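Asks: Protein chains in written order, with my numbering: chain A, 24 to 338; chain B, 273 to 522.
These aren't lab readings, by the way, just hints derived from the structure by calculation. Any given hint could turn out to be false.
Listed next, the in silico PhoX-like pairs over lysine-lysine satisfying Cα-Cα at most 25 Å (straight line) [stated by the list, open to error]: (1) B:LYS431 - B:LYS305; (2) B:LYS305 - B:LYS324; (3) B:LYS479 - A:LYS160; (4) B:LYS431 - A:LYS271; (5) B:LYS431 - A:LYS258.
Estimated spans, in silico, between C-beta atoms of each pair [to be verified]: (6) A:SER29 - B:ASN320: 17 to 27 Å; (7) B:ASP459 - A:HIS268: 44 to 54 Å; (8) A:ARG266 - B:PRO346: 54 to 64 Å.
A quick note: this is a predicted structure, and the numbers were derived from the prediction, not measured. Using N, Cα and C, we set each Cβ at its ideal position, and we do this for glycine too.
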Amino acid sequence: MHPALSVILFTTASGTGYGLLMLLMILNLNGLLPTDRGLGMAGFAVGLTLVTGGLLASTFHLGHPERAWRAMSQWRTSWLSREGVAAIATYPLVLIFAAGWVIVGSTSGGWSLAGWLAIVLAAITVSATGMIYASLKTIPQWNNPLTVVNYLVLALAGGAVWLTSVGQLIGIDTNVLVLLTLLLLPISWALKYSYWTLVDKVPAQYDIGSATGLGGLGDVTLLEPPHTEPNFVQKEMGFTIARRHAKKLRRTAVIFAFVLPTALMVGVLMTSGGLATFLSVLALLSVSGGLLTERWLFFAEAVHVSMLFYGTQKA
Amino acid sequence: MTALPSQPSTKKLGLVIDLDTCVGCHACAVSCKEWNTGGPAAPLTDLNPYGKDPDGVWFNRIHTYEVSQPELGPTAGQTVHLPRSCLHCESPDCVTVCPTGASYKRAEDGIVLIDEDKCIGCKLCSWACGYGAREYDQDAGVMKKCTLCVDRIYNENLKEEERQPSCVSTCPAGARHFGDLGDENSDVSKLVAERNGFDLMPELGYKPTNKYLPPRPKSGPTSSYRPLTIDKQETVDSRFLKWVDRLFSR
Chain A
24 MHPALSVILF TTASGTGYGL LMLLMILNLN GLLPTDRGLG MAGFAVGLTL VTGGLLASTF
84 HLGHPERAWR AMSQWRTSWL SREGVAAIAT YPLVLIFAAG WVIVGSTSGG WSLAGWLAIV
144 LAAITVSATG MIYASLKTIP QWNNPLTVVN YLVLALAGGA VWLTSVGQLI GIDTNVLVLL
204 TLLLLPISWA LKYSYWTLVD KVPAQYDIGS ATGLGGLGDV TLLEPPHTEP NFVQKEMGFT
264 IARRHAKKLR RTAVIFAFVL PTALMVGVLM TSGGLATFLS VLALLSVSGG LLTERWLFFA
324 EAVHVSMLFY GTQKA
Chain B
273 MTALPSQPST KKLGLVIDLD TCVGCHACAV SCKEWNTGGP AAPLTDLNPY GKDPDGVWFN
333 RIHTYEVSQP ELGPTAGQTV HLPRSCLHCE SPDCVTVCPT GASYKRAEDG IVLIDEDKCI
393 GCKLCSWACG YGAREYDQDA GVMKKCTLCV DRIYNENLKE EERQPSCVST CPAGARHFGD
453 LGDENSDVSK LVAERNGFDL MPELGYKPTN KYLPPRPKSG PTSSYRPLTI DKQETVDSRF
513 LKWVDRLFSR
């Protein structure tokens with residue numbers, strides 16, 4: 024599949040933003056993060072900026088962005104529509120909870136109700152993003168439950184690293200955040216590893232013989248394509264990356280998204296002051312670059328069954 | 273509404289394409305392009321049509337495959353032309369994934385259409401189609417697809433014999449048939465039953481309405497058949513002729 028920059032930016036930025044907001048609210052509601060005005064202001068500002076920036080980026084690949092509001096209407100059948108509805112519904116609840124935290128200085132009582140609802144809706148939004156891809160039968164690599172789990176856990180891991188950086192820059196005690204990060208990064212690494220293992224080992228479910236219906240007559244190969252230049256379908260669905268490049272890029276993604284941030288977080292735990300803050304910002308940059316690579320690969324490695332008509336033997 | 277009709281339509285309009293008869297002339301594709309660039313999905317934009325890398329929207333694409341049987345010898349096999357267009361599936365995900373309601377399946381006859389005024393151009397429907405039938409019009413910013421010539425088949429301004437999809441009426445080989453595949457007594461349904469018509473990629477579970485008729489078994493190479501080979505080339509023995517050959521080969 025063609026790795027469109029707007030979709031990569033959208034899924035990574037929004038994912039990280041929702042992850043950050045979820046953790047900020049969950050930890051506060053469980054008494055693990057103080058209702059500190061500075062932390063509230065910075066945390067919600069960064070989280071909502073990431074979410075909004077991502078959602079805006081997602082409209083860049085639309086042919087008619089001015090009609091984007093129509094995408095709210097088909098939530099009964101479409102995961103893309105459900106994602107839009109959940110994303111929009113999350114805003115007022117987060118803003119109410121943020122108002123309680125920053126303006127009133129309280130996150131208990133009615134404020135906490137808004138917080139819990141916002142957490143649930145944020146989780147639904149990220150899961151719906153994953154389901155857009157996981158529900159496509161035409162892309163066998165994505166059509167499995169690990170896709171959604173990965174979107175959710177990577178959002179939380181990325182959000183945890185970003186929140187730790189925010190905490191460091193605000194100057195609060197970040198030990199809880201660092202420990203959480205050290206828990207989430209290995210988990211997301213393990214899940215990404217199982218996704219890749221699954222993708223590599225699952226036998227092809229479709230082949231050129233069944234696509235054309237000619238498999239019963241012999242070995243099918245494409246003799247002449249329908250057109251001399253690639254068409255929309257080939258440009259959009261035909262992008263695949265050579266296996267050896269994929270391996271290198273997977274290694275790059277693992278190092279920057281998981282290994283380096285984990286090491287840097289251990290560094291944050293062992294140091295203090297400016298050095299700890301510096302290390303946490305390095306972790307933020309590393310995890311963001313790593314996740315962008317991971318997301319690029321998610322698209323670039325996916326093989327679409329329509330390519331069978333264009334001569335691909337198996338998918 | 274991108275929900276599929278609650279009851280599958282009893283009328284299932286579609287095409288039956290005979291792979292035995294198709295000669296791969298691309299006339300159906302050209303005729304489709306010509307008709308539909310003036311129809312509801314108009315224009316079928318062409319970008320850079322006379323330039324180095326032309327790109328454009330077509331609803332019909334004709335692939336040519338080689339089907340070989342290596343176990344029966346190097347010459348066993350055949351060439352098959354396969355026209356590919358929207359199959360107007362009974363349970364297609366291209367309709368249900370649409371977030372805006374632009375993509376829909378008609379309850380009355382099963383035709384899958386796009387309301388271009390509602391399409392936001394997110395391209396997700398093209399991802400959900402396993403048959404590569406939907407093509408995005410970069411210029412108009414909306415998705416386009418085969419309409420089964422909905423503006424012909426019900427068009428009372430046309431003579432009755434012309435009320436069929438453009439690709440069908442133009443096919444010089446008579447390889448394309450149009451009709452109601454929901455009616456088991458229709459000509460197309462009988463043809464499918466008689467010739468063992470099949471679905472493309474049935475594993476996807478979209479239940480295509482369009483059917484394909486398999487190529488009829490070929491007689492194949494007989495024992496006396498020898499393919500023409502050029503491995504016994506005449507060899508030139510004469511030194512003089514070799515010299516002449518070298519002279520003129522310069």
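Asks: All hints are to be evaluated individually against the structure, with a verdict given for each.
Replies: Right, here's what the structure says about each hint:
no.	hint	result
1	B:LYS431 - B:LYS305	holds, 21 Å
2	B:LYS305 - B:LYS324	holds, 21 Å
3	B:LYS479 - A:LYS160	holds, 13 Å
4	B:LYS431 - A:LYS271	violated, 63 Å
5	B:LYS431 - A:LYS258	violated, 40 Å
6	A:SER29 - B:ASN320: 17 to 27 Å	holds, 24 Å
7	B:ASP459 - A:HIS268: 44 to 54 Å	holds, 52 Å
8	A:ARG266 - B:PRO346: 54 to 64 Å	violated, 31 Å
Checked against the numbered hints given earlier, the structure breaks hints 4, 5, 8 and satisfies all the rest.
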